[in-house]
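Student: Read off the chains here:
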Amino acid sequence: MRSAIGTRLPARTASVLAVVPARTRARLGVLLVTAAALLFPLLNGNDADIDSAANALAFAALALGLNIVVGFAGLLDLGYAAFFAIGAYAYGVASSWQLQPAWSSFWEPFQWLDLVARFHTAGGDVVHFQVSFWLMLPVSAAIAAFFGVLFGAPTLRLKGDYLAIVTLGFGEIVPIVARNTPSVTNGAMGLNGVAAPRLFGYDFGVDATPYYYVGIALVALLIVTTQRLKDSRIGRAWMAIREDEIAAAAMGINRVRFKLLAFAIGAAFAGATGTLYVAKLQTATPEMFMFPVSVMVLVMIVFGGIGSVWGVVVGALLLQILQSWFLEDLSQWLHALGRLVNIDGLQHVELASSIELIFGVILVFMMLYRREGLIPATRRVAALSLDEQAAQVGRGGFKGLPSIGAAVNSASGALLQVSDLTVRFGGLVALRSVELSVPVRGVIAVIGPNGSGKSTLFNTITGLVPADSGDVGFDGDDTLRLRPDAVLERGIARTFQNIRLFPNLTVLENVMIGMHARLETGPVGALLRLPANRREEAAAREHALEILSLFGNRLLPRADHLAASLSYANRRRTEIARALASQPKLLLLDEPTAGMNPAETLELADQIQSLNRHGLTILLIEHKLDVVAMLADKVVVLDHGEKIAEGSPEVVRRDEEVIRAYLGRSAAFV
Amino acid sequence: MSDYGVLLQQVVNGLSLGAMYALLALGFTLVYGILELINFAHFNVFMVSSFVGMWALELLGLSGQGQVLTGLALAGTLLFAFAVTMIAAGVLGVAIERLSLRPLRGVRGTAAMITTIGVSYILFNVILLTVGAGSENYPNPLPVVRWQFGEVTLELKELLIWGVALVLMVALHFFVNRTRLGKAMRATAQDAEAARMMGVDVDRVIVTAFFLGSALAGAAALIFGLYYNYTSFIIGYTAGLRAFTAAVLGGIGSIPGAMVGGLLIGLIETLGGQLIAVRWTDVIIFSILVLVLVFVPTGLFGRAAPTKS
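For the protein sequence lines, the chains are W and G, in the order given.
Using my numbering, read the first sequence as starting at 1 and increasing by one per residue.
Using my numbering, read the second sequence as starting at 671 and increasing by one per residue.
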């Protein structure tokens with residue numbers, strides 16, 4: 001929002017606006033939008049227009065919910081309308097005459113709570129459900145969230161496009177079940193006589209205006225919820241999963257929990273919206289929740305900007321306005337034109353029926369020409385000044401290290417003890433009975449030809465690859481069978497050989513995701529923004545900037561740049577910064593200097609050395625033997641998954657077995 | 671008719687539907703094998719082709735099921751209709767690839783899949799807005815010939831469907847395993863980058879996959895029309911989802927898998943409808959889809975697990 005105002009306007013207006021602080025401008029914008037939204041029914045007395053606006057708000061709420069699942073967590077859900085249906089039927093059944101079980105004393109407590117009424121019929125007394133709309137809003141949300149978890153759970157292992165298909169399947173199943181269980185839903189005929197909400201004795205009835213205001217309140221609430229979640233530990237975790245699941249897990253994010261949380265919250269939005277929608281229509285049929293509805297909401301967020309909070313609201317409102325006002329008016333104009341010039345065809349054009357065609361065109365064109373949508377989620381950043389760009393290669397390692405690394409339990413001895421570790425991929429033995437001991441505050445280098453199992457060793461230690469047998473002990477714990485996020489939490493952080501940053505997040509966000517396991521704010525805290533949560537967030541930001549500043553002016557001026565825009569060496573540095581942010585006891589570096597020039601290599605080697613002097617234990621994979629000789633206390637050599645040598649760099653360098661592994665059989669005898 | 675006879679008859683019906691689903695599933699599998707893309711446009715390439723087939727038959731002066739042809743006239747008519755439908759479908763598939771998917775090559779994430787949903791929507795609505803929402807009576811020159819085997823009735827149209835499906839699948843098998851382009855296709859499916867370095871024109875392979883897959887959908891579409899004697903703008907969605915389930919069940923990316931999966935889904939549809947209830951058929955099929963994806967993501971014949979990220 002801020003940048004949308006700041007970057008789009010002509011220079012003169014922008015400079016005038018610049019006098020007003022950005023925060024004030026954003027608040028002013030929100031205030032104006034809110035005022036316009038509140039005044040709309042007073043200015044436009046047309047009930048049909050207000051009715052369309054209320055429907056548009058319902059779809060804006062759906063778009064916000066789907067945006068959490070698709071835009072933030074990156075889980076393409078093609079059956080989102082199912083949750084809309086569940087929320088709608090929940091309220092529909094709880095406030096209509098559809099279910100009328102016989103009266104018994106069981107219902108008396110519910111009668112006191114005014115949830116049901118006793119109703120006299122010829123065949124005996126029956127129960128009439130009359131649960132309040134205001135109670136059902138959160139209850140429907142909770143029911144939908146439950147189904148979100150239920151439908152989400154089986155899809156967790158699937159990658160993107162399969163997830164889409166499974167959700168599509170659930171999206172089909174729910175309306176079919178609704179149609180085939182007429183005792184609860186009245187089947188294809190639809191529920192009838194759903195009660196209208198009442199507020200302090202005022203019955204909403206069929207007038208659109210009160211629903212419009214409830215819609216405004218709901219959308220406002222969901223916008224605030226979404227914004228707060230997005231700018232928190234929770235939102236960062238979702239986006240990390242979206243960008244790179246493996247790296248997210250390795251940085252301490254529990255994928256299962258956060259994916260389910262996204263499904264649940266997205267579904268909850270749809271559940272509450274379904275309740276509002278059905279209260280407004282006072283009926284519910286299975287046809288209202290079929291695949292086209294899911295696609296329509298998807299079109300809205302694609303159009304507005306996947307992942308962008310204001311974008312998806314604007315996208316939903318624009319498309320609804322297009323559908324209910326503009327196409328109708330345009331058709332009328334064409335009819336008039338047809339009568340004027342006497343062309344029969346023009347008099348029968350009904351553009352509103354082509355809305356789905358327009359949706360299809362929008363999907364294709366947005367994907368081909370503007371994937372970021374009308375209002376992109378990522379802000380554009382100003383170019384760096386020459387000063388900021390000019391980085392000097394510095395020697396001597398990090399100056400002024402903040403508190404990195406956590407206290408180690410075992411003051412002496414081995415911090416990491418790998419024993420008898422064997423990993424097989426089908427018939428291939430990637431690691432065979434590997435033994436490795438990393439002493440506290442030591443620097444151990446693992447070397448070996450490509451394919452010798454070095455990265456597999458790292459992947460197994462960090463929980464990404466399961467081991468067939470063996471043990472990994474770390475600081476008094478057995479960590480072999482832990483999930484990657486639990487391994488990080490214990491204090492092992494890593495970098496990847498092929499760099500796995502979160503490309504569409506900023507450098508600062510990348511580093512803050514590294515701190516995920518050390519922060520405590522949960523979804524409720526993120527939502528309420530209690531003082532403790534604010535303090536934690538501010539401190540986290542502070543600490544992340546401190547870590548970025550370690551690398552001089554290489555990363556700090558680029559803190560708000562996307563990781564994807566960084567140079568290769570800076571991406572390596574960001575990855576190390578991200579790992580340091582997790583306050584590790586043990587740092588695993590997988591070829592940290594790969595692709596760096598000699599000066600940069602030395603700079604980084606110095607920095608690694610200073611980390612070690614500061615108390616951090618380091619295990620690194622490195623091909624550059626001069627770096628290994630400079631850093632490592634001990635070198636472990638792997639070949640074909642077996643440890644063939646171990647010792648000081650000097651000793652290993654002269655080992656015949658090692659020479660043969662690296663240079664071939666004949667070289668060893670030269 | 672005894673229960674046993676009814677079930678046996680449903681097996682015959684299931685095999686006919688299954689042959690159609692198998693042809694349609696092959697299109698999903700060919701494209702997925704190479705691009706790892708679920709092509710939603712395939713649903714409605716099938717639907718549009720059924721109209722092309724209808725128009726081709728009408729071009730020959732046929733309408734409804736009244737005019738019955740025999741002998742050479744029948745063979746010629748069917749050959750013409752299959753050729754026109756399959757070529758038109760193939761061209762449509764290639765056009766979709768060139769216009770909407772090639773520009774997205776190398777874009778990570780779900781952009782390409784969302785595009786195919788958009789294309790599918792466009793095809794769907796173009797037919798809806800031009801032809802209309804009603805069902806079209808499908809011209810069918812096949813004479814009604816029935817053979818009675820005990821309690822089971824076999825119709826000529828069923829033999830035709832099985833024959834066409836068999837010929838096309840054998841031809842596809844031959845193409846993929848015995849020709850140069852087929853070898854390029856298999857190489858690209860294994861590793862597109864490596865295939866490119868070995869001189870395989872990957873774009874040509876992709877176009878071929880789209881052409882073949884769509885042409886098979888065209889054949890399936892004509893079979894649909896001749897089997898059910900109608901077509902409509904909505905047929906793509908249900909048939910497409912069932913065929914996709916067939917591809918997943920067989921192991922997506924696997925050609926024999928798509929064939930076997932198609933037959934299984936056909937049988938599940940008719941027997942499930944018989945034994946449980948027709949109105950739950952879709953729930954059964956989608957449940958299979960979900961269960962297979964969750965528990966056996968490689969399907970029956972699959973090679974690559976779809977869990978890799």
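In case anyone wonders, no lab produced these hints; they're calculated from the structure.
Mixed in with the good hints, there may be bad ones.
[To be verified] With the Cβ distance kept under 10 Å, some of the chain G side facing chain W (calculated, not the full set):
1. L742
2. L744
3. T747
4. L774
5. G776
6. G788
7. S790
8. L793
9. V796
10. N807
11. P811
12. L812
13. T849
14. Q860
15. Y907
16. W950
Heads up, the beta-carbon is just placed ideally off N, CA and C, and yes, glycines get one too.
Student: Now tell me, hint by hint, if it's right for this structure.
Tutor: Hint check results:
Because the beta carbon of L742/G sits about 43 Å from the nearest beta carbon in chain W, more than 10 Å, this interface hint is broken. Of the supplied interface hints, the one on L744/G is violated, with its beta-carbon coming no nearer than about 38 Å to a beta-carbon of chain W, more than 10 Å. Interface hint at T747/G: violated, since its Cβ lies 34 Å from the closest Cβ of chain W, which is beyond the 10 Å cut-off. Taking 10 Å as the C-beta cut-off, the interface hint given for L774/G holds, the closest approach to chain W being about 7 Å.
Taking 10 Å as the C-beta cut-off, the interface hint given for G776/G is violated, the closest approach to chain W being about 13 Å. Because the closest C-beta pair between G788/G and chain W is about 3 Å apart, less than 10 Å, the hint holds. The criterion of a C-beta within 10 Å of any C-beta in chain W is met by S790/G, whose closest approach is roughly 7 Å, and the hint holds. This hint holds: L793/G has a C-beta 8 Å from the nearest C-beta of chain W, less than the 10 Å allowed.
With a least beta-carbon distance of about 7 Å to chain W, the hint placing V796/G at the interface is held under the 10 Å criterion. About 24 Å separates the beta-carbon of N807/G from the nearest beta-carbon of chain W, more than 10 Å, and the hint is not met. Restraint check, P811/G versus chain W: the minimum CB separation of about 34 Å is more than 10 Å; hint violated. A hinted interface residue such as L812/G counts as satisfied when its beta carbon comes closer than 10 Å to some beta carbon of chain W; here the least separation is about 33 Å, so the hint is violated.
At its closest, the beta carbon of T849/G sits 29 Å from a beta carbon of chain W; the interface hint therefore is violated under the 10 Å criterion. Against a cut-off of 10 Å between C-beta atoms, the interface hint on Q860/G is violated, since the closest Cβ of chain W lies about 16 Å away. With its C-beta approaching chain W no nearer than about 7 Å, Y907/G sits inside the 10 Å limit, and its interface hint holds. With its C-beta approaching chain W no nearer than about 7 Å, W950/G sits inside the 10 Å limit, and its interface hint holds.
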